[in-house]
Each structure stands twice: as C-alpha cells, then as structure tokens.
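Visitor: Please model the entire structure based on the sequences and the hints provided.
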Amino acid sequence: MGSPSTTISNGTVSTGWSAHPDALTAGETAGQMAVGRMKGHRPRCAVVLASSWFDQAKLLTGLRRALPDVALVGGSTAGEILPEGPTSHHCVVLAIGDEALAVSTGLGEAADREPRLAGHEAALQALRGFEGRARSGFLLFGDGLLTGYTEVVRGIHEVLGTHSLVTGALTADDLRFAQTYQYHNDDAVSRSVVGLLIGGSCAMGVGLEHGFAPISRMLRATSARGNLLRELDGAPAAHVYEEYLGRDLMETARQAGLTRQLIAYPLGIQLESSEAFLLRCVRRIEPDGSLLCTGEIPAGSTVRLMIGNKELALEAASRAAEQALRPLSKVSFVLVFDSVSRRTLLGFDAAQDIHRIRKIVGLATPLVGCYTYGEHAPLQGAVPHGQSVVQTGAVLVLAVGSP
Amino acid sequence: MSKPSLRTVLLLSASVIVVAILTAELDWTIRFPAILALLGSMSYMTLALDSRRRQTTELEQLRKTCEQLDQQAKMIVRSDLELHRTQEALDRKVASLLALHELSQGLRISLHPEEVYGKLTPSLVTSFGFSKGLAGVYQSTGIVSWKALIGVTEAQAQQIQGHLQTSGWLDRLLARPSPVTVTVAQRHEASAARFLELLESSCLVVAGIKPSAGPSGCLLLAREDLGTSAEQGDEELVGILAAQLAIAIEGCALYEEAWRARQGLERSIQERTQELEEANRQLTRLNKAKSDFVSAVSHELRTPLAAIKGYASLLRSGQFGSVQPAQTERLAKVEKHSDTLTELINNLLDIARIESGRVTMESRPLATKELLASLTDLFKLQADAKRLTLSMDADGVDHLLGDPTHLPRVLINLLSNALKYTPAGGTITVRLSRRDGHIVTSVTDTGAGIDAVELPKLFQEFYRAAHPINEQVRGTGLGLALVKRIVEAHHGKIWVESTLGQGTTFTFTLPEEPARTSPS
Chain A
-14 MGSPSTTISN GTVSTGWSAH PDALTAGETA GQMAVGRMKG HRPRCAVVLA
36 SSWFDQAKLL TGLRRALPDV ALVGGSTAGE ILPEGPTSHH CVVLAIGDEA
86 LAVSTGLGEA ADREPRLAGH EAALQALRGF EGRARSGFLL FGDGLLTGYT
136 EVVRGIHEVL GTHSLVTGAL TADDLRFAQT YQYHNDDAVS RSVVGLLIGG
186 SCAMGVGLEH GFAPISRMLR ATSARGNLLR ELDGAPAAHV YEEYLGRDLM
236 ETARQAGLTR QLIAYPLGIQ LESSEAFLLR CVRRIEPDGS LLCTGEIPAG
286 STVRLMIGNK ELALEAASRA AEQALRPLSK VSFVLVFDSV SRRTLLGFDA
336 AQDIHRIRKI VGLATPLVGC YTYGEHAPLQ GAVPHGQSVV QTGAVLVLAV
386 GSP
Chain B
16 MSKPSLRTVL LLSASVIVVA ILTAELDWTI RFPAILALLG SMSYMTLALD
66 SRRRQTTELE QLRKTCEQLD QQAKMIVRSD LELHRTQEAL DRKVASLLAL
116 HELSQGLRIS LHPEEVYGKL TPSLVTSFGF SKGLAGVYQS TGIVSWKALI
166 GVTEAQAQQI QGHLQTSGWL DRLLARPSPV TVTVAQRHEA SAARFLELLE
216 SSCLVVAGIK PSAGPSGCLL LAREDLGTSA EQGDEELVGI LAAQLAIAIE
266 GCALYEEAWR ARQGLERSIQ ERTQELEEAN RQLTRLNKAK SDFVSAVSHE
316 LRTPLAAIKG YASLLRSGQF GSVQPAQTER LAKVEKHSDT LTELINNLLD
366 IARIESGRVT MESRPLATKE LLASLTDLFK LQADAKRLTL SMDADGVDHL
416 LGDPTHLPRV LINLLSNALK YTPAGGTITV RLSRRDGHIV TSVTDTGAGI
466 DAVELPKLFQ EFYRAAHPIN EQVRGTGLGL ALVKRIVEAH HGKIWVESTL
516 GQGTTFTFTL PEEPARTSPS
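Respectively, the protein sequence lines represent chains A and B. In case it helps, the working numbering puts the first sequence at residues -14 to 388. In case it helps, the working numbering puts the second sequence at residues 16 to 535.
The hints are simulated quantities; they were obtained by calculation from the structure and are not laboratory data. In this text, all values refer to a predicted model and were calculated from it rather than measured experimentally. Please note that the accuracy of each hint is not assured.
[As the list claims (entries may be wrong)] According to the in silico footprint, chain A covers these stretches of chain B (three or more CB under 8 angstroms from chain A):
id	segment
1	88 to 96
2	136 to 145
[As the list claims (entries may be wrong)] Take a look, some chain B residues computed to stay more than 10 angstroms from chain A by CB distance:
id	residue
3	H99
4	E212
5	E503
Just so you know, even glycine gets a beta-carbon here, dropped at the ideal spot from N, CA and C.
Guide: The following block contains the structure:
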C-alpha cells in the first residue's frame, strides 16, 4: 500500500496494484483500487503492467471485471515499479479518466513473421478510432522476444509519420525468455504489438538514457544482419565477450544457452551523429559464435562493449526525467520503463533509481512502471520527434501533461 | 651487412651532388646558391626524418598504451563481473533471507498443510534465485500429490511424477538428511539428466519435507538459464525452506489434533448439556406436577380441615351439650392441630403457587418506617417475655419495593425464627442498607447458631435443623422454603451466615428499582 508520501491519484489519473497470488483476484483488486481512487471520475483508458508469472487470461478477466469498457493496453514485465520502488509479482494499473485526453488502441499480430505489417496494423487500428483529433504520441508495447522490432517501429512511423512520437517498451517475462504477453482490451497475446494513440489537449515528453560507458576498443561490425551480429573485426562476434569477460564464463554461457551475466555488459553502437551509444543486449550465443541481440545492429557500424556503474545509472535516470519534463508545463502522470539490465546492475539500489525520477517529476505525480527487455523513444527526447530508436539497457521516462 | 640508414643515404647523395656541382663548369653565382639550396633541403629533410621517426616512436608508444589500456579494461571488466556476481549472489542471499523471514511470518497463521504448500509462491521461488518450483505431498510408493506448481505446467508435473515413481528417487531422497543438487554437469547420470530435461533447467535442488507429524513431501526448485548453475549455499537455503515448511506442517498436524480434541470435547459438552437440559425439563415437568398435585391436594384438604376445626370449636363451645373438661382439652388439641395443618397447607399452597407462576408479586413501595413499626408491634410482647432486645435500623432506607402481602411475610418469618431460637437476654437486630442498586435486609440474632453442615439445607422444604427447641416446638419445615421462594420471586437473593455459639444472620436483597419483567 502507498506510504503517506506516495501519490496514488490526482483525481483524473490514479494507480492501483495487487500482489495477490491468484491472478483473477490480483487483476480485479488492482483495477478496483485504481477505479476507487478516481474520486468519481470514470476511467477512459488503463495501462496495465503485470508479472508474467500470473495466469494471463485470468488476470485480464479480473481486470475487466473492475475496468469494463475501458481502452486497455499493457504487457508482462520483468518486475514492476511502484512509487515506493521496484517490486515483483504484482499487477499494476494506471487508470486515466481525463476528459481532455483522446485515446485509441491498436493491435498488430504476428509481429515475428511480418514485423513491419504488424506495425502498420497497430497504427492503422489506433488511427481509425482516433477520428482526426490532435495526436501527441503513440505508446507502444511489443513482444520483448521479437527480433525485428526496429521494423515494427518503422511500420508505425510509415503510418503515423516520421515526426510522430512513438515510444514504449518491450514486454518481458521475468528473465525466463520463454513467452511475453501484450495486453489489448480483453486479450493477452504474444508475438504482437499493442499501441495506445494519445492526443487531445495533452502533450507527451520522453527521456531515454542508459548510463553505460564504453570499455572496449572500437570494433567494426564486419558481418551483421538484423539482430544477428556475426562478426566483429572479422572474428566471430562472441570473441569480444570471451576476450573481455573470460573464456570460462562464455563456455558456461554457451552450455546453458544464455547467460544472464551478459545483460550487465551490453554492446553499444556508436551513433555517427553524436557521441551517444545505442545499447544492444545479447540474448543468445549461437554455435558459430554469432550473437543474437535484442535490437538491430547495422553492418559496418562501430561497436563497443559497454560497462555500467551505479552512479552513472542513477544519473541517467535523473537526466531522463529532466528530458521528459521539458515540453510540459504541467505533468499529469508518469510511466517509467526501466531496463532489466539496469535493475540487475543496481541490485537493491534500484529503489534509488525510482526515487531520483520521483524527485524530479514531483512526489505528488502519479507514477508507475515496469522493468522491460527494451525501451524505445527518439534520442534526447528531441522535438520535433525523430525516428524512435530501440535501446535495451536504458531507462525511459514518459510524462504526459499540459503543453 | 647492415642496411644503410636514410640519413647516410641522404649524406652520400648530397656529397655526390656537391662534388658534381663543384666539378661542373658552372658560374659561382649559380654554384653557390645551388650548394646553399642543397644544404637547406638536406637540413629540412633531416629534420623531417627526425620528426617522422619521433612520430613513429610516439605512435608505437600510443599503440602500446592502447593495448595496455585495453588489457586494463579487460581486467576492469573481469573485476566488475566478479563484483557483479558477488553482489548478485549477496542480493540473492539477502532476498532469500527476507523471503524466509516473510514466509515464517506467513506460516504462523497456516492451519492446514494445503495452506503451507500454497506458500510456495512465484515471489518466494524467484527470491531464492530459482525460476521453477514444485511442492507436493508424498502419498505412497513414490506418488506425489502436487500442491504448488510455479513455472511448471501440469503436464510437466505429471511427467516428473512418473519419473519419481519409476526411478525410486523420492524414496532415496527422503532417506537423506539434506537436499540434493542436480546440475548440467551431472548429465551423464541418466536419472539426473532426465529430471533436468523434464524441467528444461540447468540446475535443480531437491529437498524432502519431513515433518515429525503430518504428511511428508518434497520440494523441487530449479533454474533454467543461469551460467553459474550451482550457486553456493543453495542447498543450505533450500534445506532451511524445507525445514520451515516441515515445521509448519507439524504445527498444522498439532493444531488439527488439538482442534479435533476440542471438537470432541465440545461435542461431549453439547451432548451432556442436552442431556442435562432434558433432565432439567423433566424435573421442571415433575416439579410442576408435584406443585399441581400439592396444590390440588392442599386445596382439597383445606375445606374439610376448616370443617373439622369449625365442628371442634362448636363442640367445645357446648352448643351441642355439655362438654367434659377432658373432652374440652382434646377438642382444643383438635383445633390446635387443625391450625397447624392449615398453616402447613397454606404454606405449601403458597410455595406451589409461586413455583407454578400463578402468583404475581406486585412491586409497590412499602414504607420502611411503617413496616418496621408493625413488626415491632407484632413481636414486642414475645420479645419482652423472653427479655430480648429487638432493634430496628432502617439506615435511611425509606421504602422497599415489594408485594404488600408477601414481603412482610418474609420478615415475619425470619423474626419469628429469631425469637424462637434466641435464648433469653439476647438481641435481635433488623438492619436495612443500600448496596449496588439493591436494598439489603438482614435479621441477626444472638442465638446458638447453626452448624455449617446444615446451612445449605435450611431453605429446603420440610428440613428442620437439629436444635433442642425444634424437638420441643413443632414446625412445618416450610417457613424458610417459602421465604426463599418469595424473595426470589422479587428478583432477590437470600442467604444465611451463622457461627455456633454466636448467632445467625439471614440476609436478603431486593432490587432498588422495579424489575423490567414482572416476576413469574
């Protein structure tokens, strides 16, 4: 339950959560808590972030009991974020009842086979229901196990326009890497993308930062296609990890199919336009030494092995929060999508991460979030918004409020 | 032979050019500037060569520095990795301990073994650093009834069940004192490999749940993807978890036992209560029948008794002829015994009426002053005759609430007894006081007192205490029984205290305010 300093509702936006082990009860309780705190306002849409351990169908049934006829989007996580800090095995609901807010949802399925088409479909569905109102941005939840996610984002930009703000998170499954879920109204689906088109008289601000720094020498991606990085400087890509982390660890990682340890050491793609790095985590080591990454790696790009520390990670959270607030005069609510690798890095200090963001966005601002397998937003929260980039070790702060 | 340096080549080339210039038939105006230009070029080239050499050296140094930095970076990454793993392990241990603490709190309120197994939640499993968990009750010959499945499907659980049955692993496991770890490194062992395969995991810790009372069971925790498959301390932590679950199941069994015993006791009490209630109902019925019988008989006796007394009186008056003194004496005895019998019948009738609820006690204020005065009038002569001091103390109590017919009978009866049993020269005191919403009235005498053994029987019908006076003076043995019925019908209480050789006090209470329900 919320502590005295925790704001859980500002009337038109409220939050609710439950850790009840029964999925049906957890969904219903979290939904009821959010609705109960709306001070008489009727929720118009809800963002749901929940543990993958729940029986997802039952969870949605419970949620719909409390939030019927409400536009519902969200996804499964690798941990949830409450105003007090990180938690696990929770169902978290952000209910929005602001009349000034225009919302419409869209679902794109089979994103593993046709990612760009799935992006088109999600954006088109949302656009059809939006009826020409002013658009602020598109909140997107995609399956964190997809390999063609950059294509999904491209597809959405093709429908909504390249300067539209497309931001969101890649759904997770508590580091089991088996199946993640995306929530769209009554359904929990997989290998899909779900979007919430937000507009009306509100504005959206985003901040995307990671806090990792390069540690290795510069390496050239001499062979790469999509998310598969085959060679770095002409050698099998996995050699970079063998070289820096040690052969023993990599051998164990190969045997087990994946090593969670690599999450703390992502690869960074040096951007030509700036000194920033796009992070890519390694999801799997292929037998030939190729690395299957969580995002696209362009062939010929400069790649560095990255390392993080707690202070850099915490500073990144502050910067992301500051960036998110820049285009807003007043903030209504905040969603935080934090990378699971940052949680691994921060350990018990992960609560500090959330505290820093709350200090900047205001302790009274309703805030929830989750730990993800990826985050995407335009870099530096630039306005007009540029192409959304997919990061996999960053913290994304999404603030919605008055322009 | 060593290769000549670039500087030597340059010097040789310059010397050849100078010799050529000097030997050539050229004007000095041309020769001199040519030599100067040559020397200048040579100096520049020498300087450039030096600079390039220095750059090459510096570049080489830079390359070496980069390599050193890269080596240092590798060292940093490995140290960081080591720190990271240590911190993660530490965080996991802390999380495990916190989860154990929370679990122990939660288990305190578990009342059923099913509930205990239900405490194996995803949160607990992940806090221990595992991603899958199974807990079940061991039924017989390797059959396990799964009570908690975390990250494991029903189909997987059934397959594991089958494997446990065929391999006989569970029986062996329960015979062991501590948990067992199975890792990918043991894949050569068919049984272990099959377990990991079924669970799609790289590491499994299995522990027996062995309570001293209640059903035994097993706990399986697995993780599928960690590089470090067997974490240090896993077995100890899982062992503690299994022990906690076992203790909780023991607690449940003990609770169950205590609960069953209590249920049995409650059932027995209920049965006895029902029996007692039935006996009480029967007694009430019998008592009522007795009262009705006594009432009917008494009523039937009273009429002929009145006739007997009337005729005896008429005979004694001589209306039917002269009566001999001996006859007069006998007729007087007939009258006296008729009176005694009438009193007895009247008392019996009153008791029966009160018990059967046919008499309703009124609740009227009776002025204490008048009541005590009338009592004094009534008993003064008798008291004076025995030289008894009769003392009345109302202590500010101005009235009593009661029935104007029946309540005075209580005091008359008690005073009459006191007068009877108090030897000459003694004192009888009637005292009234207020206490806790009641008027307390006591009648104290300085008589011989009553044996403690007899005190509880005093208010029984027809009971007469062993006293010399009782042997001389006849009584009905109904006086105090009637007094008790009248007091209780007023919602009061009566009791007696006595000390042999010192005297006796009868005390009764009456409510100060009228009772809400009318006396039955």
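Visitor: Against this structure, judge whether each hint is valid.
Guide: We went through each hint and held it up to the structure:
1. 88 to 96: The restraint on the segment 88 to 96 of chain B holds, since 7 of its residues have a Cβ under 8 angstroms from chain A and three suffice.
2. 136 to 145: holds (count 4)
3. H99: Nearest chain A Cβ is 5 angstroms from H99 of chain B, so the label is violated.
4. E212: holds (13 angstroms)
5. E503: holds (58 angstroms)
The structure is inconsistent with hint 3 alone, although it conforms to all the rest.
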